[in-house]
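Peer 1: So you can see what is in the structure, the chains are spelled out below.
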Amino acid sequence: MPSSNSKEFINGAKATIPMIIGAIPFGIIFGTLAESSGLSIWGAMAMSLFVYAGSSQFIAVGLLATGAGPVIIIGTTLVVNMRHLLYSTALVDKVKHLSQGWRALLAFGLTDESFAVVNARYLDGSDNSRAHWFFLGSIAAMYGNWQLCTWLGIGLGELFPDMTNWGLDFAMSVTFLGIVIPYLRNKPMWLAVISAATFAMVLRDLPHQLGLVAAAISGICIGYASQQICLRLSPKSVNNAQERDQNKGATNNE
Amino acid sequence: MNEVIIITGMFLVTFSVRYVMFAMAGRIVFPAWFQQALAYVPPVVLSAIIAPLILMPQGHLDISLENPYFWAALVAAGVGFWRQHLLTTIMVGMISFALLKWMTS
Numbered sequence: 044m045p046s047s048n049s050k051e052f053i054n055g056a057k058a059t060i061p062m063i064i065g066a067i068p069f070g071i072i073f074g075t076l077a078e079s080s081g082l083s084i085w086g087a088m089a090m091s092l093f094v095y096a097g098s099s100q101f102i103a104v105g106l107l108a109t110g111a112g113p114v115i116i117i118g119t120t121l122v123v124n125m126r127h128l129l130y131s132t133a134l135v136d137k138v139k140h141l142s143q144g145w146r147a148l149l150a151f152g153l154t155d156e157s158f159a160v161v162n163a164r165y166l167d168g169s170d171n172s173r174a175h176w177f178f179l180g181s182i183a184a185m186y187g188n189w190q191l192c193t194w195l196g197i198g199l200g201e202l203f204p205d206m207t208n209w210g211l212d213f214a215m216s217v218t219f220l221g222i223v224i225p226y227l228r229n230k231p232m233w234l235a236v237i238s239a240a241t242f243a244m245v246l247r248d249l250p251h252q253l254g255l256v257a258a259a260i261s262g263i264c265i266g267y268a269s270q271q272i273c274l275r276l277s278p279k280s281v282n283n284a285q286e287r288d289q290n291k292g293a294t295n296n297e
Numbered sequence: 012m013n014e015v016i017i018i019t020g021m022f023l024v025t026f027s028v029r030y031v032m033f034a035m036a037g038r039i040v041f042p043a044w045f046q047q048a049l050a051y052v053p054p055v056v057l058s059a060i061i062a063p064l065i066l067m068p069q070g071h072l073d074i075s076l077e078n079p080y081f082w083a084a085l086v087a088a089g090v091g092f093w094r095q096h097l098l099t100t101i102m103v104g105m106i107s108f109a110l111l112k113w114m115t116s
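Quick note, the sequences are listed as chains V and Z, same order.
Quick note: our numbering has the first sequence finishing at residue 297, numbered continuously throughout.
Quick note: our numbering has the second sequence finishing at residue 116, numbered continuously throughout.
Some hints could be false.
Where chain V lies over chain Z, by a calculated footprint (3+ residues, C-beta under 8 Å) [what the hints assert, rightly or not]:
1) 80-89
2) 102-111
Simulated restraints on C-beta separations [stated by the list, open to error]:
3) Z/W44 to V/N208: 42 to 48 Å
4) V/W85 to Z/V31: 37 to 43 Å
5) Z/W113 to V/Q271: 43 to 49 Å
6) Z/P42 to V/K57: 35 to 41 Å
7) V/C264 to Z/E77: 31 to 37 Å
8) V/S49 to Z/A36: 24 to 30 Å
9) Z/I16 to V/Q271: 37 to 43 Å
10) Z/I16 to V/S79: 16 to 22 Å
11) V/L274 to Z/I16: 41 to 47 Å
12) V/N54 to Z/G70: 40 to 46 Å
13) Z/N13 to V/P204: 19 to 25 Å
14) Z/L72 to V/P204: 25 to 31 Å
15) V/S79 to Z/E77: 20 to 26 Å
16) V/P250 to Z/Q95: 35 to 41 Å
If the Cβ cut is set under 10 Å, some of the chain Z residues that face chain V in the computed set are [claimed, not checked]:
17) N13
18) E14
19) P42
20) L49
21) V55
22) L57
23) A62
24) L76
25) F92
26) L98
Just so you know, these hints were derived from the structure itself, not from any lab.
The structure presented is a predicted model; accordingly, all values stated were derived computationally and were not measured.
Heads up, the beta-carbon is just placed ideally off N, CA and C, and yes, glycines get one too.
Generate the whole structure from the sequences, applying the supplied hints.
Peer 2: Below is the structure:
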């Protein structure tokens, strides 16, 4: 029934609208920053087309501007994008019946934003037999918007060279803030997030975004260690909290 | 050329991380400790990215009234915890930011 496939596709795109609103200024600022970092117009466009990972693109242009080389940039991208391993681990049971081509396509578009939307769809209890079309709809909307905004940003950056000072990067910050909030359900998660944020600020001046990498690793270790301590102290409460998280999913955006 | 190497490399690492689990279709099973640690990765990385942007936009810690990033993020976080609705959080954050930036400029 193609009609219900297209309905799922459209619903996926619609459910992604909140994420698109946050991504518009963020995509534009990426386009404007790319030029001042020394990336060519084609390089900026190719990064959005092929890498398609907003936060690491943002970090990559920041690194380029400081003169970092390919190894540093690619290594930082790997660390920053390791979180997608969690997303794909969470969704693998929902897509494993699909062809390899479908799986590759859905994996390519597995951003923070589409994961948040699609994971909520898979967990809402309705029929999932066509939900991969919903997934694809979310990706298509997010991807199309990202290309358009990158292109727009490149053009606007040439018209308004001072645009990088307008604070459009706040759109990325507030979108990520909105994605982080639903995770904050128990003490270990709070501790992990607060320590990562603190380390990121204290170590901000380390070269090559090493502060970000160190902050992320410390946050994960502190979160995991405090979870183990909580488990020893009161095994029941943490287990219950984790079960609740898994049932509700990491996000409840609607 | 440098640009081609950087973009190809970024594509390869990003796509590999996103695809490896889907490609293996559940045949990779991580040990329990790894799965538990992985659960912390998204909120930790995202907050490590945004904390310096929000709290030190000029390169030093700034929670004065002159820093619209901090106050708009605070308002957005308050609304986020209260409503648990992403679009509302993003919209309120962006509108507060625009207002604060306009007021402080």
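Peer 1: Are the hints correct? Go through all of them and say.
Peer 2: So, going through the hints one by one against the coordinates:
1. 80-89: It holds, with 5 qualifying residues against the three required.
2. 102-111: Since 4 is at least three, the answer is holds.
3. Z/W44 to V/N208: 42 to 48 Å: holds (45 Å)
4. V/W85 to Z/V31: 37 to 43 Å: violated (29 Å)
5. Z/W113 to V/Q271: 43 to 49 Å: About 48 Å separates the Cβ atoms of Z/W113 and V/Q271, which means 43 to 49 Å holds.
6. Z/P42 to V/K57: 35 to 41 Å: holds (39 Å)
7. V/C264 to Z/E77: 31 to 37 Å: Once the Cβ atoms are compared, 35 Å apart, the range 31 to 37 Å for Z/E77 and V/C264 holds.
8. V/S49 to Z/A36: 24 to 30 Å: holds (26 Å)
9. Z/I16 to V/Q271: 37 to 43 Å: holds (41 Å)
10. Z/I16 to V/S79: 16 to 22 Å: holds (21 Å)
11. V/L274 to Z/I16: 41 to 47 Å: The hint (41 to 47 Å, Cβ to Cβ) holds, given that V/L274 and Z/I16 are roughly 45 Å apart.
12. V/N54 to Z/G70: 40 to 46 Å: Holds - the Cβ-Cβ distance for V/N54 and Z/G70, about 44 Å, lies within 40 to 46 Å.
13. Z/N13 to V/P204: 19 to 25 Å: holds (24 Å)
14. Z/L72 to V/P204: 25 to 31 Å: Holds - the Cβ-Cβ distance for Z/L72 and V/P204, about 29 Å, lies within 25 to 31 Å.
15. V/S79 to Z/E77: 20 to 26 Å: holds (24 Å)
16. V/P250 to Z/Q95: 35 to 41 Å: Since the Cβ atoms of V/P250 and Z/Q95 sit about 39 Å apart, the hinted range of 35 to 41 Å holds.
17. N13: Check passed: Cβ of Z/N13 comes within 6 Å of chain V, closer than 10 Å.
18. E14: holds (4 Å)
19. P42: The hint is violated - Z/P42 has no Cβ within 10 Å of chain V, the shortest such distance being about 12 Å.
20. L49: It holds, given that the least Cβ distance between Z/L49 and chain V is near 5 Å, below 10 Å.
21. V55: Interface hint status for Z/V55: holds (4 Å vs cutoff 10 Å).
22. L57: holds (4 Å)
23. A62: holds (4 Å)
24. L76: violated (16 Å)
25. F92: Because about 6 Å separates Z/F92 from the closest Cβ in chain V, which is inside the 10 Å limit, the hint holds.
26. L98: For Z/L98, the interface hint holds, since the closest Cβ of chain V sits about 3 Å away, which is under 10 Å.
In the structure shown, a violation is registered for the earlier hints numbered 4, 19, 24, in ascending order.
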